[in-house]
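Visitor: Residues per chain, in single letters:
4 protein chains.
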Amino acid sequence: MNETIGFIGLGVLGSAMAGNLIKTGFTVIGHDIVLEKQKAFEREGGQSGASPRDVGDKSDVIVLCLPTSKALHEVVGGKDGLLEGGREGQIVLETSTFAIADKESARDALAATGKILLDCPLSGNRLLALKRKLTAFGSGDKAAYEAVKHVIQGFAHRTFFVGEFGCGMKMKFCSNILNLVHNSVAAEVMVLGMKSGLDPELIHQVISGSGSSSSMFEVRGALMVDEDYNKEGMNFSIPLKDSRLISTHAADHLCPIPIYQAALQPYYAAVAQGHHDEDASAVCAALELAANHTRKKKKKN
Amino acid sequence: MNETIGFIGLGVLGSAMAGNLIKTGFTVIGHDIVLEKQKAFEREGGQSGASPRDVGDKSDVIVLCLPTSKALHEVVGGKDGLLEGGREGQIVLETSTFAIADKESARDALAATGKILLDCPLSGNRLLALKRKLTAFGSGDKAAYEAVKHVIQGFAHRTFFVGEFGCGMKMKFCSNILNLVHNSVAAEVMVLGMKSGLDPELIHQVISGSGSSSSMFEVRGALMVDEDYNKEGMNFSIPLKDSRLISTHAADHLCPIPIYQAALQPYYAAVAQGHHDEDASAVCAALELAANHTRKKKKKN
Amino acid sequence: MNETIGFIGLGVLGSAMAGNLIKTGFTVIGHDIVLEKQKAFEREGGQSGASPRDVGDKSDVIVLCLPTSKALHEVVGGKDGLLEGGREGQIVLETSTFAIADKESARDALAATGKILLDCPLSGNRLLALKRKLTAFGSGDKAAYEAVKHVIQGFAHRTFFVGEFGCGMKMKFCSNILNLVHNSVAAEVMVLGMKSGLDPELIHQVISGSGSSSSMFEVRGALMVDEDYNKEGMNFSIPLKDSRLISTHAADHLCPIPIYQAALQPYYAAVAQGHHDEDASAVCAALELAANHTRKKKKKN
Amino acid sequence: MNETIGFIGLGVLGSAMAGNLIKTGFTVIGHDIVLEKQKAFEREGGQSGASPRDVGDKSDVIVLCLPTSKALHEVVGGKDGLLEGGREGQIVLETSTFAIADKESARDALAATGKILLDCPLSGNRLLALKRKLTAFGSGDKAAYEAVKHVIQGFAHRTFFVGEFGCGMKMKFCSNILNLVHNSVAAEVMVLGMKSGLDPELIHQVISGSGSSSSMFEVRGALMVDEDYNKEGMNFSIPLKDSRLISTHAADHLCPIPIYQAALQPYYAAVAQGHHDEDASAVCAALELAANHTRKKKKKN
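Chains as they are written, first to last, in numbering that gives the first Met the number 0: chain G, 0 to 300; chain E, 0 to 300; chain A, 0 to 300; chain P, 0 to 300.
Treat the hints loosely; a few may be bogus.
Just so you know, same-sequence chains aren't split out, so a pair can sit in one copy or run between any two.
[Said to hold, decoys possible] The calculated lysine-lysine pairs, modelled on DSS-like cross-linking and capped at a C-alpha distance of 27 angstroms, are: (1) LYS230 x LYS240; (2) LYS295 x LYS141; (3) LYS36 x LYS69; (4) LYS230 x LYS22; (5) LYS132 x LYS36; (6) LYS36 x LYS78; (7) LYS132 x LYS22; (8) LYS130 x LYS36; (9) LYS230 x LYS36; (10) LYS57 x LYS148; (11) LYS38 x LYS57.
No lab work stands behind these hints: they were computed from the structure.
Model the full assembly from the supplied sequences, consistent with the hints where possible.
Guide: Below, the structure is given as structure tokens:
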């Protein structure tokens, strides 16, 4: 199975994914507009492609992991973009989180040159990516998905086919709503508990593993207990960026999402208060400020 | 360890708990104002006490599992109540969900006759109670808690000592807030997903076990998928009753709880729409009505 | 029409109302458990009654303006209470804001001695009361209301008969919900406007008098512009007390009130941050803290 | 002062505004891409311009009232657009509601040909426009604003200069937030009142004119009382379109707007339930459905 995988976008997440594809045994040809990142990728055992087109020409399957929909537009239709190279029937995996309409534009442009774009967003962060613990929501042409499923499994331990093109993003929105609400309500409960005299560590211990718990409560609640918001994790930039897509998506479908909107507002407060680059569990600090709560013992670190 | 446990309140939850105490090997003397329930209890191997006072006289430790704070008031200070019998140093476990002030009144009244009341609310429902899978939040006199911990373990598989008297209730409020928000947001996500074209069963399958999941999402999400709201579980009466205690508790501590309040509102809608006696996962039906969503395939049952 | 009006409860609001009854030409016999207040009332031209019973014996119509439902219970059924004196057919106006059930208890007790209680809460504050600008929501026996309408007009410039006993309180809840939401959203808009670079005074000037305005926006928005929260007005104690009645009332009727609940949460934050004794327009300060907004120019006073 | 005003966009609002400019005594040259609308305009006494460029060549001042930012882009920079004609120093009034960034693009493009764009959104609807009762929020170059203030007054009875370019839109956002929240909370109060037994007409009568009232409550509350949602007014399309701009604006400034978001959600429900083309007071119908309230007497019309 000596397949060659093209990988465009070697950033925080992409570099971890591409690294796992190499470890899995694929030949990986990577490209990033930042030279530095490409060099780092070579040190991990990857080969460099000069442009999206070059990557397309040299690869069987292509994976995209890009920061903005503008970058997607460039990678596909820009100078030396994917449209200019590759081959008929080539499958391209779009793993980023963009508006469905933007992904559809890219799909249509690629289809005109015989290529097949799959919408395949991921759930997880760099820490999980390094451990190959991402979840993939594949959608689009089912046969194409089946044909590249083994590639997806090179960076994701859970992979699902979730329906026609765009369903991947829709599932990702569901996932993100739960993440954000579970995180915010964990903070709400921590602050109410502390204000009424409970020890935060005890709250975390008692709830974890019970029917009242969530993954977010367990992972991020631990950071709230320790006020340890500088851990490498997921800062506020991704959830706030995604919140615009989610709000638009729900509005397009005329679907009220009052709980999500209520849980989102303290994110703005947290960032306005200077926590942007911290883990999103720092939403707890914003709620403590609102409730005028001061912890007795100082933070551990 | 041939101890005798008194058990007052043999309702939906209490009868399951008392049954497990019998199975554990305790002699259990039960009492309920409804004769029917006392008879049923005898068929399970229990003995009947004529009154709270009688139960107190014949037992080492007493467990209370009552429907209202008024019942607590009666059981403690009413005619043939606990105040009239029992013995110095006797430990009484109050496992119900009442306002802390009401439990404090009972504690003070019992203390005047040398008895020790522990505030020890439980998390779980009848299904979990039958499997001895309740969680207990013990609080009050720590030595007393340690002395009866083995009794608590006769009906709860997870037991915690969470602080001074009333901390049990405070922990229970934290637990209940998470339960309700996790349930409501599971419905919010299900409805948004369905409205945008995702299959609900697939949403449940993909999210379950992921970092976006919660216990509530997994247990109640499954009922939402099947629109199977008649399962024996937890209907709306308990969470709505508890919501009054939680709102008052948060107000007393001047602590905003906007996410809980947002997630609570559809519970009123669900009950107003006739779902009171169904499992609280039926909040999903209220959200579907609001979003004017009609499922393609009919419910399974 | 030389009628004698009894007035029980000569506090912040009651003293202003009783003063206006005197000015209108009534003989007013007042009572308050605080001697100081009774003395002040005499200086305003009132006569003192020794007890509720004494007031009842000497008056044609009785007005109650009390701080707590416990006080109502005492005034009616306590030692030397209204039940012990007065006369058959005597009309008692209950103008306070209490749970309907508490007012119903008082009504039933008085009815047993042939007296007629009207539920007649008021909208307004001391400033408006001094100017005889209160609004009265009369409810209960319609003939009784008509018989004492001229008395109500002695302290309220707008009087309405709004239905059977308790409808007064229900209308008051509607009124209070609007007050609180209009105040909170005025602050929300002020803070968003200021954060995006608008001058708060200009916001207030442009919106006032337009179709986007509310009374609250005009009155309290002016205080927000000046950060002038120490004016004699309506501090946080009344709206927070009333919020418990409103939440319970809506829950009793299974009616979601998500906007009110969202608008109420910053009140807790404001009080937790130390603004309890300031005018409720200080909710703006809590929102500025959350949004981390600092005003350029200092407050005027 | 025989000035000639160019008017581009003769839709629902624009035709009413242009009509008033004619009545004020201006010569008005109108243009719309829909020929029908241009013909109607001629019947009102206007003259037709063949294109934006033609309008620009023949006018002293130009007013834009357009449906989409794409239309703005076309009118300014498209074939036969404003960039191709007009004169140095010509002032263009942009009265629509678009993202500030879109208006800034137009401003910059026009500035390159020496023209001055003012951001001057309006508050009001067609009914108010016909009565010349719009409110204008002028912003940008102050001298330019002063120079055309008399033109603005030809269609708006209240005109304000609110700051640098874009401040007009910011003020409009403040105004719209209040409009939407006041409308939704009016419905919330109406439904709670009705569910608890109050007559809706009485609620409207008692609150109107009191300190609890708002313009929206008075105007739209009356429609809620009558369930008369088909009146010519403001349907859901504008507030839902504007809500995207407002949410983005608040997110850009990291400003929580929880009350607005809570009040916005029932708008989606109302539209999902089929009320899109009705007046936005129909949000009341969505809340009645949620609370499962059925009115006793039928609607009047």
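Visitor: For every hint, state whether the structure bears it out.
Guide: Hint check results:
1. LYS230 x LYS240: So LYS230 and LYS240 pass the 27 angstroms test inside one copy only (20 angstroms; across, 39 angstroms).
2. LYS295 x LYS141: Cα proximity of LYS295 and LYS141: across copies only (22 angstroms, versus 56 angstroms in one copy).
3. LYS36 x LYS69: Answer is within; shortest intra-copy Cα gap is 19 angstroms, inter-copy 38 angstroms.
4. LYS230 x LYS22: within (26 angstroms within a copy, 48 angstroms between copies)
5. LYS132 x LYS36: within (22 angstroms within a copy, 51 angstroms between copies)
6. LYS36 x LYS78: Classified as within; 21 angstroms inside a copy, 44 angstroms across copies.
7. LYS132 x LYS22: within (14 angstroms within a copy, 43 angstroms between copies)
8. LYS130 x LYS36: Intra 20 angstroms, inter 55 angstroms, cutoff 27 angstroms: intra-copy only.
9. LYS230 x LYS36: Within one copy only: 22 angstroms inside, 55 angstroms across.
10. LYS57 x LYS148: This pair counts as within: shortest intra-copy Cα distance 20 angstroms, inter-copy 64 angstroms.
11. LYS38 x LYS57: within (19 angstroms within a copy, 61 angstroms between copies)
Checked against the numbered hints given earlier, the structure satisfies every one of them.
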